[in-house]
Every structure is written in C-alpha cells, then in structure tokens.
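Undergrad: Produce the entire structure from the sequences given, and follow the hints as far as they go.
Number of protein chains: 2
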Amino acid sequence: MKIKNRVTDLFKIQYPIIQGGMVWASGWKLASAVSEEGGLGLIGAGSMKPQLLREHIRKCKNATNKPFGVNLPLVREDIEELINVIIDEGIKIVFTSAGHPAKHIEKFKSAGIIVAHVVSSVKQANKAGQAGCDAIVGEGVEAGGHNGKDEITTVALIPQLVDAVNIPVIAAGGIADGRGVLAALVLGAEGVQMGTRFAATKESSAHEVYKQKIAEAGDNDTVLILRKALLARVIKNPFAIEAIKAEEEGKSREEILELLNTKREKLGIFEGDDVNGMLEAGQSAGLIKEILTVKDVFAKIISEYDKAVENICKK
Amino acid sequence: MKIKNRVTDLFKIQYPIIQGGMVWASGWKLASAVSEEGGLGLIGAGSMKPQLLREHIRKCKNATNKPFGVNLPLVREDIEELINVIIDEGIKIVFTSAGHPAKHIEKFKSAGIIVAHVVSSVKQANKAGQAGCDAIVGEGVEAGGHNGKDEITTVALIPQLVDAVNIPVIAAGGIADGRGVLAALVLGAEGVQMGTRFAATKESSAHEVYKQKIAEAGDNDTVLILRKALLARVIKNPFAIEAIKAEEEGKSREEILELLNTKREKLGIFEGDDVNGMLEAGQSAGLIKEILTVKDVFAKIISEYDKAVENICKK
Chain A
8 MKIKNRVTDL
18 FKIQYPIIQG
28 GMVWASGWKL
38 ASAVSEEGGL
48 GLIGAGSMKP
58 QLLREHIRKC
68 KNATNKPFGV
78 NLPLVREDIE
88 ELINVIIDEG
98 IKIVFTSAGH
108 PAKHIEKFKS
118 AGIIVAHVVS
128 SVKQANKAGQ
138 AGCDAIVGEG
148 VEAGGHNGKD
158 EITTVALIPQ
168 LVDAVNIPVI
178 AAGGIADGRG
188 VLAALVLGAE
198 GVQMGTRFAA
208 TKESSAHEVY
218 KQKIAEAGDN
228 DTVLILRKAL
238 LARVIKNPFA
248 IEAIKAEEEG
258 KSREEILELL
268 NTKREKLGIF
278 EGDDVNGMLE
288 AGQSAGLIKE
298 ILTVKDVFAK
308 IISEYDKAVE
318 NICKK
Chain B
8 MKIKNRVTDL
18 FKIQYPIIQG
28 GMVWASGWKL
38 ASAVSEEGGL
48 GLIGAGSMKP
58 QLLREHIRKC
68 KNATNKPFGV
78 NLPLVREDIE
88 ELINVIIDEG
98 IKIVFTSAGH
108 PAKHIEKFKS
118 AGIIVAHVVS
128 SVKQANKAGQ
138 AGCDAIVGEG
148 VEAGGHNGKD
158 EITTVALIPQ
168 LVDAVNIPVI
178 AAGGIADGRG
188 VLAALVLGAE
198 GVQMGTRFAA
208 TKESSAHEVY
218 KQKIAEAGDN
228 DTVLILRKAL
238 LARVIKNPFA
248 IEAIKAEEEG
258 KSREEILELL
268 NTKREKLGIF
278 EGDDVNGMLE
288 AGQSAGLIKE
298 ILTVKDVFAK
308 IISEYDKAVE
318 NICKK
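These protein sequences, in sequence, are chains A and B.
If you're matching positions, the first sequence starts at 8 in my numbering and goes up one per residue.
If you're matching positions, the second sequence starts at 8 in my numbering and goes up one per residue.
Since the hints were made in silico from the structure, they are not lab data.
The reader is advised that the hints may include incorrect statements.
Copies of the same chain look alike in the list, so a pair counts if it fits in one copy or across any two.
Unchecked claim - Under the rule of at most 27 Å between Cα atoms (straight-line distance), these lysine-lysine pairs were calculated in the DSSO-like manner:
1. K114 - K296
2. K19 - K321
3. K156 - K296
4. K307 - K321
5. K243 - K134
6. K235 - K302
7. K252 - K130
8. K9 - K314
TA: This is the structure:
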C-alpha cells in the first residue's frame with residue numbers, strides 16, 4: 008500500500024486509514040496504536056469529561072511521537088471546555104461530528120488545528136466546506152453508532168461528495184478490509200475511517216463481551232434504531248429489539264428517549280451487558296471474524312489492499 | 008473496459024453490465040438497446056401478463072441478435088404461465104427475484120436456461136447456490152424498487168457474498184457510473200446490475216415525468232417505505248410521505264397495504280403521476296443528471312471506468 012494524496016499529506020501519515028473516534032472504545036491506547044502503525048488514531052472524546060480527555064491526550068503523547076487527533080461530538084454541553092483542553096494540550100488534528108462546525112472553526116483555526124468534519128449528505132458537505140473545514144468524512148448509513156438522518160449508503164454517498172466539494176473526502180461506513188479501502192479510493196475518497204474494525208481490537212477499551220459480539224455478528228445482525236430520537240446503528244440484541252418495537256408501535260420521541268435513559272451505551276460497550284446495553288456497530292461487523300491487535304489489522308488490510316490492486320491492474 | 012470473467016463468459020457478453028429488470032420501464036426496447044451495446048438487457052416481466060411478455064420477447068429477438076434475458080419476480084400468481092412463455096420462446100437467461108428459486112430451478116435447467124437469482128443477504132445467497140443457480144445478484148438496500156428485508160448496503164454485502172459462495176456475484180444498488188462499476192469489481196463482484204440509470208434512458212418505457220424526477224433527484228431524495236408490507240425504495244414524493252406517516256403512526260400491515268391498493272407503481276412510473284404514484288428509484292438517482300440514450304450511458308460508463316482504473320494503476 009503506497010498511497011500519497013491530500014489525506015496523507017494533510018495529517019502527515021503513511022496510510023490514509025483513520026480510526027474513528029468511538030464512545031467507550033477509543034482511548035489513548037487504541038489511538039496511539041493506530042498512529043504507531045502509520046494510520047491516524049483518534050481519541051474519542053464523546054464519552055470523556057474534560058479532565059479525562061486531558062489525561063488521555065497526555066498518555067497518547069507519551070505512547071507515540073506520530074500524529075494523532077481527537078474526535079469531538081459538537082453537541083456536547085461542555086463543548087467549550089473540551090475545546091480548551093484540546094488547544095491547551097497542543098492537539099493539531101480534530102474530527103468534529105454531530106453538529107455544525109462553523110460555530111467553532113475560528114477557534115480551531117487560530118490554534119493551528121486541522122479540522123475534518125463528519126457528514127452524511129451533500130448539503131452537510133457543502134456547509135463544512137464553506138465553513139473552512141480541511142476535509143470531510145462522508146459516513147454512509149452502514150456505519151455503526153450515531154448516524155445522519157439521510158440514510159445514504161457509502162457507495163451512493165462518496166462519489167456525490169467528491170463531485171460536490173473540493174476538499175478531500177474520507178469514506179466511512181461498511182469498510183473493514185483492504186477491498187473496502189481500495190473501493191473507497193476508486194469512488195474518489197482519499198482515505199477511509201473505520202470504527203467497528205478498530206472497536207474489536209485488543210487495544211480497544213471496550214468490554215470483551217462487546218468485542219466478541221462484533222466478531223460473531225453476521226451480515227444482518229445490526230439494525231438502525233431510534234429514528235425519532237438519535238438515529239444509531241447497533242447490534243440487534245434484546246435492547247435493540249425493544250427499541251424497534253417501541254418505534255413500530257408509534258411511541259413518541261419522549262417515550263423513546265426514556266428507553267435510552269439508563270446510559271445504554273456505557274452499559275453495552277464498556278460494561279459488556281449484551282442484553283440491556285446498546286452495542287453500537289456497523290454492518291462491517293459481518294466482515295470481522297476475530298479480535299486482533301492493531302498491528303495485525305494493519306498487516307491484514309495492507310495485504311488485502313495490495314492483492315486487490317494487483318487484481319485490477321494485471322488486467 | 009476490457010473485462011473477461013465468469014460473468015462475461017456465462018452470458019456471452021462484452022461488458023459485465025446488466026440492466027436490471029424493472030416494472031413499467033424495461034420492455035424490449037430498453038433490453039435490446041442494452042444488449043446491442045455489449046451489456047445484458049433484461050425484459051422486466053414484473054408488470055407483464057404472459058401474452059405481453061411473449062410479445063416483448065419476440066420484439067426483442069427482432070431487435071438484437073445478442074444475448075438478452077427476462078427478469079421474473081417469483082411471487083407472481085401466474086408464475087407457471089410466465090415460465091412456460093419463457094421456455095416456449097427459447098429464452099436462455101433468466102434473473103429471478105422476490106421468492107425461492109429452488110421451486111422452479113429444475114424446470115429452468117432442463118430447458119437449458121442460465122439462472123441468476125437476486126439476493127440481499129448471505130443466507131439467501133447460500134440458498135441460491137445450493138439450489139443450483141448459476142450466479143447471484145447481491146442487491147444492497149440503496150437499490151430502487153422492492154428490496155430485501157435485511158437492509159444491508161452494497162459495500163458491506165458484496166464482500167460477504169463473495170466470501171460465502173463459489174458462484175459469481177453481480178453487484179446491484181447505488182451504482183450508476185464507471186467509478187461504481189470498478190468499486191464493485193474491487194469488492195469481488197464480477198459484474199454489476201443497474202436499474203435506476205437505465206430507467207432514466209430514452210429507451211426506457213417509463214413516463215417522461217418519472218425519468219425527469221430521477222434526473223432531478225439529489226442524494227437524499229429517495230426513501231425506504233412499506234417496511235411492514237413490501238419494502239421499497241422510492242422517490243420522496245407526496246405518496247411516499249403519506250406512506251411514511253402511516254408507518255410512523257403505527258398503522259397495521261392491512262392499512263398500509265390499502266394505501267398501495269390503487270396500482271401506485273403503474274400510476275407513477277408508467278403514467279407519470281408524481282404526486283399519487285410510487286416512483287421507484289435507487290440512491291444512485293443522485294448521480295444521474297440527465298436522460299441519455301443507452302449508447303451514451305455505455306460510452307460514459309466505459310470512459311469513467313477506464314479513468315478510474317488508470318487512477319489506481321498508475322500509482
């Protein structure tokens with residue numbers, strides 16, 4: 008895998024493979040391992056209070072000299088505090104999601120921070136470009152966790168984003184192996200972001216039960232839930248089935264939000280309750296058969312990618 | 008585009024590009040035009056009575072000497088009659104969908120017919136392989152019209168199908184240009200099936216209003232409706248919004264089926280009623296900007312494909 012493009016240049020990385028920031032799964036250990044292998048690791052601030060984020064950033068700096076970043080969901084109430092920690096600690100790469108980047112971009116830019124924003128439609132991509140973002144992550148509806156309302160799939164979304172914006176597009180959703188990486192580049196993306204594949208690594212801070220659930224999942228073992236509240240793709244466990252039933256019965260947004268009330272994400276991903284917890288995962292779970300080290304994930308992806316390139320180019 | 012693989016060999020075609028069989032859009036005119044360009048045209052029997060299917064087959068034979076086939080939804084009540092017409096008229100390629108191929112495969116096989124079956128999950132793919140099908144079409148949830156319940160996207164589905172079965176896999180869903188064709192091959196498919204792109208051609212028998220709606224559609228202008236009845240992806244018009252509302256209110260299967268009662272497909276696709284009709288289209292509609300001739304569609308796809316190959320292989 009020899010790729011030099013705007014994404015490898017922007018983040019100063021060897022491979023345009025980005026580890027998605029995930030709640031309860033992507034702390035300093037995962038992020039630094041990914042960066043050490045030549046990808047871009049992201050600390051997922053979504054499940055961290057400002058002080059904990061600071062600790063993870065410091066540990067990550069100790070663990071690697073290579074570039075890493077922070078993923079920041081912009082809907083957080085303590086967003087200003089989190090941004091202050093990021094700037095204070097000298098972070099130079101931020102991936103923002105779930106919100107409007109325009110509100111915060113000046114603060115990031117004046118601190119010399121590269122900003123990539125996660126989008127799920129052409130409209131959001133144009134907004135991110137106009138706001139001054141350096142790159143976008145185009146996330147298809149097959150991705151795990153919280154998802155854009157548009158429900159556009161990776162194969163349909165990526166070429167439309169590439170045609171719409173001038174900044175580099177990173178593809179996310181449904182990608183877990185080297186074939187997926189090459190397919191994303193063929194569609195015009197200049198990098199990929201993978202969540203589920205890295206959630207199921209040894210270095211992920213998620214619970215073993217949750218990692219095992221990803222490794223065991225087949226092609227149709229994830230489902231989109233909470234359309235009326237906060238759309239998310241999760242593994243079809245008893246909690247998910249309960250949520251689907253509530254939606255089918257026409258329950259209100261308030262009733263659905265109540266279902267979520269007991270910190271379902273932490274319960275499922277961090278504490279390993281596979282009955283009552285919310286097990287966020289993408290459809291790529293069906294491609295993931297074992298829990299590997301980050302080193303082995305990279306070796307596998309690179310070898311699959313090289314083989315896929317050879318298949319196309321020998322013709 | 009120089010591709011020789013099991014799909015081009017099986018159907019004796021120049022390009023592994025198959026035009027999906029579609030109700031009210033794919034008669035002899037479209038099918039013969041696609042076959043003439045070196046792809047595989049399919050007459051969509053879904054909206055044809057047996058006698059009409061016979062007429063279309065005869066006209067298609069007059070229009071081209073190249074291989075073409077028939078798409079047959081197996082849920083039809085007059086399925087035996089339709090199969091008899093197909094055999095009687097000497098058709099040698101059948102694409103089956105919406106049902107179990109095992110029930111009819113012997114009849115097809117003893118008439119020397121090649122059978123490809125449309126699937127939307129690994130489970131269905133394995134069944135089709137065991138039944139003796141010669142190929143499968145793996146259709147992602149981004150595809151237009153009736154859809155598998157599994158809601159698996161093309162980028163997640165195709166590699167899983169390729170890993171599961173030994174017969175060739177044809178990718179469908181979200182593909183409308185040469186980048187999509189190459190991405191599908193990278194994922195392991197040996198051909199693609201495109202519906203929406205060919206529905207919006209001059210040779211399609213659909214109404215101009217419907218074709219125009221496809222050309223105008225943006226990335227998020229289609230939606231999945233009728234989850235409780237007969238899942239379908241359609242353009243988000245007033246009828247579709249009415250159907251979504253009925254589902255959100257928790258209406259029963261019977262009430263939802265009643266909504267469909269007035270031949271919505273014909274009304275929308277063939278008669279061009281863009282308010283009350285059901286306008287079946289895939290997410291690839293966002294990539295389709297104009298109504299072209301089939302000849303121009305092929306020229307465009309081939310040139311895009313060659314450029315995409317060059318981009319990958321020059322590296």
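Undergrad: So, for every hint listed, does it hold in this structure?
TA: Hints, one by one, checked against the model:
When the C-alpha separation of K114 and K296 is checked against a cutoff of 27 Å, the pair qualifies neither within a copy, at 42 Å, nor between copies, at 39 Å. In this homomeric assembly, K19 and K321 come within 27 Å of each other (Cα to Cα) only across copies, at 22 Å, whereas the closest approach inside a single copy is 30 Å. Only between protomers do K156 and K296 lie at most 27 Å apart by alpha-carbon distance; the minimum there is 24 Å, versus 29 Å within a single protomer. For the identical chains of this complex, K307 and K321 are neighbours both inside a copy (21 Å) and across copies (23 Å), given an alpha-carbon limit of 27 Å.
In this assembly of identical chains, the alpha carbons of K243 and K134 lie at most 27 Å apart only when taken from different copies (23 Å versus 34 Å within one copy). For the homomeric pair K235 and K302, neither the shortest alpha-carbon distance inside one copy (39 Å) nor that between copies (44 Å) is at most 27 Å. In this homomeric assembly, K252 and K130 come within 27 Å of each other (Cα to Cα) only across copies, at 24 Å, whereas the closest approach inside a single copy is 32 Å. Within a single copy, K9 and K314 get their C-alpha atoms as close as 13 Å, and across copies as close as 19 Å, so both meet the 27 Å cut-off.
Violated hints, in rising order: 1 and 6; the structure is consistent with all others.
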